[in-house]
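Protein chains: 4
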Amino acid sequence: MQQPDESQLIRDETGTQTLIGYVVDISDGEQGRCFLDIGPQHTNRHGVLHGGIAAAMLDNACGCTGSLTVDKTGRAPFLTVSMTTHFIAPGRAGRVWATGTIKGGGRSILYIDGELRHEDGTLIATATGVFKRVPQEKLT
Amino acid sequence: MQQPDESQLIRDETGTQTLIGYVVDISDGEQGRCFLDIGPQHTNRHGVLHGGIAAAMLDNACGCTGSLTVDKTGRAPFLTVSMTTHFIAPGRAGRVWATGTIKGGGRSILYIDGELRHEDGTLIATATGVFKRVPQEKLT
Amino acid sequence: MQQPDESQLIRDETGTQTLIGYVVDISDGEQGRCFLDIGPQHTNRHGVLHGGIAAAMLDNACGCTGSLTVDKTGRAPFLTVSMTTHFIAPGRAGRVWATGTIKGGGRSILYIDGELRHEDGTLIATATGVFKRVPQEKLT
Amino acid sequence: MQQPDESQLIRDETGTQTLIGYVVDISDGEQGRCFLDIGPQHTNRHGVLHGGIAAAMLDNACGCTGSLTVDKTGRAPFLTVSMTTHFIAPGRAGRVWATGTIKGGGRSILYIDGELRHEDGTLIATATGVFKRVPQEKLT
Chain A
1 MQQPDESQLI
11 RDETGTQTLI
21 GYVVDISDGE
31 QGRCFLDIGP
41 QHTNRHGVLH
51 GGIAAAMLDN
61 ACGCTGSLTV
71 DKTGRAPFLT
81 VSMTTHFIAP
91 GRAGRVWATG
101 TIKGGGRSIL
111 YIDGELRHED
121 GTLIATATGV
131 FKRVPQEKLT
Chain B
1 MQQPDESQLI
11 RDETGTQTLI
21 GYVVDISDGE
31 QGRCFLDIGP
41 QHTNRHGVLH
51 GGIAAAMLDN
61 ACGCTGSLTV
71 DKTGRAPFLT
81 VSMTTHFIAP
91 GRAGRVWATG
101 TIKGGGRSIL
111 YIDGELRHED
121 GTLIATATGV
131 FKRVPQEKLT
Chain C
1 MQQPDESQLI
11 RDETGTQTLI
21 GYVVDISDGE
31 QGRCFLDIGP
41 QHTNRHGVLH
51 GGIAAAMLDN
61 ACGCTGSLTV
71 DKTGRAPFLT
81 VSMTTHFIAP
91 GRAGRVWATG
101 TIKGGGRSIL
111 YIDGELRHED
121 GTLIATATGV
131 FKRVPQEKLT
Chain D
1 MQQPDESQLI
11 RDETGTQTLI
21 GYVVDISDGE
31 QGRCFLDIGP
41 QHTNRHGVLH
51 GGIAAAMLDN
61 ACGCTGSLTV
71 DKTGRAPFLT
81 VSMTTHFIAP
91 GRAGRVWATG
101 TIKGGGRSIL
111 YIDGELRHED
121 GTLIATATGV
131 FKRVPQEKLT
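Protein chains in written order, with the working numbering: chain A, 1 to 140; chain B, 1 to 140; chain C, 1 to 140; chain D, 1 to 140.
These are computed hints drawn from the structure, not numbers from a lab.
We put the beta carbon where it would ideally sit given N, CA and C, even for glycine.
Don't take every hint at face value.
Derived pair list, reagent style DSSO-like, types lysine-lysine, alpha-carbon separation capped at 30 angstroms [claimed, not checked]:
#1 B:Lys103 - B:Lys72
#2 A:Lys103 - A:Lys72
#3 D:Lys72 - D:Lys103
#4 C:Lys103 - C:Lys72
#5 D:Lys103 - A:Lys103
#6 D:Lys103 - B:Lys103
#7 C:Lys103 - B:Lys103
#8 A:Lys103 - C:Lys103
Listed next, the stretches of chain D that the computed footprint assigns to chain A, with coverage defined by at least 3 CB atoms under 8 angstroms from CB atoms of chain A [as the list claims (entries may be wrong)]:
#9 104–116
#10 124–130
Kindly produce the complete structure, drawing on both the sequences and the hints.
Spelled out as structure tokens, the structure:
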């Protein structure tokens, strides 16, 4: 995957994003994505990507995919209702990408699936989640 | 919940643990637990605990609960096969505790559920996971 | 578990219920339950309770638990948004009971967990689901 | 989808299959599939396909997909460890097809996803499951 223009990357939007260091990419316009360069601060007991970091990335990529159904800023607020993550292969050093795909839903609830892949193509984890749009009246 | 003796707390075991700052507590001997004092570096777009941090804590508490079935060090290695997380209430500032409970399983696979609660008792998230013991021959 | 008064049992409410033969029990008033006497028509390749039948029972017990938050008829309509089922032990011949428990939620979404147990106490399967109340305006 | 040759259909293999009436189709050789003609005996309170029947079909299609990794009979035994089902759209009268796809795994555990679609193409439900091969020594 080619790295997009800096204007389409979201960095340091939240405390967690700054802490972990992943970058959200809205350049696709439909699929929310985020990438992370795995370092020693992202590893578990087995020396590979920690499941919680994998889950954080999948959650962000899927949530951002939901936001992109509202407008192109990728920032319209969605809540994660539930997420199931399958840990398929170890995430080794290098860059990993999480990508979201809308599977269905309606006005308030979206079903969004995610994949986390190493830049070499290896499928590290999948996610399948239920997301809920934050009603506008709650935002003001 | 009372904070246990320092000898039964595991700190900074992995890169992710140091980064996020949660503390694993094996004092119960059966239920693995971990706690975190939520700060701005753990929050999402809504200013509350990020789902990925919640998932990391639940994953650790459940995995540690699996390890405690092997020996009392809480460090016997387990892999997370899958985990479903339900995000039930926002995680606000303060200390949160994740706790694991064995639901079933056998020699190689364990079914472990987790709960993440604020110190005020609020249930923030639940998890239900499948964990796999790392075979001994793979460790040498 | 003692069998309740016939007036608190729901039989043959839907085509699927008649086909499979489970009985819904609203006598608890809070926890929806359903039971089934396992016969050869409920078995899989391994000669034990089929996962789909287990899922159907857990779905019904959880959905009924949601309905009981609305009124005591246990029939207020809820939709299953998602359900994760863990298959923990084989379901052998005899009576099995599914039971739902509310874990949280609000006006429109409920988080409901379920357990399926053999009458001898064995935990056969667990479920954790997201349920959505059918808005009243859609019912008329 | 075209209906395959009768020699590649599995009918009435288990009590549950006969009861519900779905047909397993191994003609693809890689993706296990099963189909069902929805009748009134498959419906829920809302008059559409019951979630338990949907789950049974997804479970079978995924399990059969696992079996096809062993040999072409589609009957090598697998156990369902866990399955998450998302209910995306109502299943209305007509034929529905469940299809499984391998996402990853190894010698003992397979990660298999499933889709349930109406013959008109509507995505009714998705599933993501963990399956475990039954060790040969347990079969004799």
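Results for each hint:
With a CA separation close to 19 angstroms, the supplied pair Lys103 of chain B and Lys72 of chain B stays within the 30 angstroms bound. A distance of roughly 19 angstroms separates the Cα atoms of Lys103 of chain A and Lys72 of chain A; the hinted pair therefore holds under the 30 angstroms criterion. Among the hinted pairs, Lys72 of chain D with Lys103 of chain D is consistent with the structure: their alpha-carbon atoms are about 19 angstroms apart, no more than 30 angstroms. This hinted pair checks out: Lys103 of chain C and Lys72 of chain C have alpha carbons roughly 19 angstroms apart, not beyond 30 angstroms.
For the hint pairing Lys103 of chain D with Lys103 of chain A, the CA-to-CA distance comes to about 17 angstroms; that is within 30 angstroms, so the pair holds. The hinted pair formed by Lys103 of chain D and Lys103 of chain B meets the criterion: a straight-line CA distance of about 26 angstroms does not exceed 30 angstroms. Among the hinted pairs, Lys103 of chain C with Lys103 of chain B is consistent with the structure: their alpha-carbon atoms are about 17 angstroms apart, no more than 30 angstroms. Between the alpha carbons of Lys103 of chain A and Lys103 of chain C the distance comes to roughly 26 angstroms, so the proposed pair stays at or under 30 angstroms and holds.
With a threshold of 8 angstroms between beta carbons, the proposed coverage of the stretch 104–116 of chain D by chain A holds, since 4 of its residues qualify and at least three are required. Only when three residues or more bring their CB closer than 8 angstroms to a CB of chain A does the claim for the stretch 124–130 of chain D stand; here the count is 3, and the claim holds.
Checked against the numbered hints above, the structure violates none of them.
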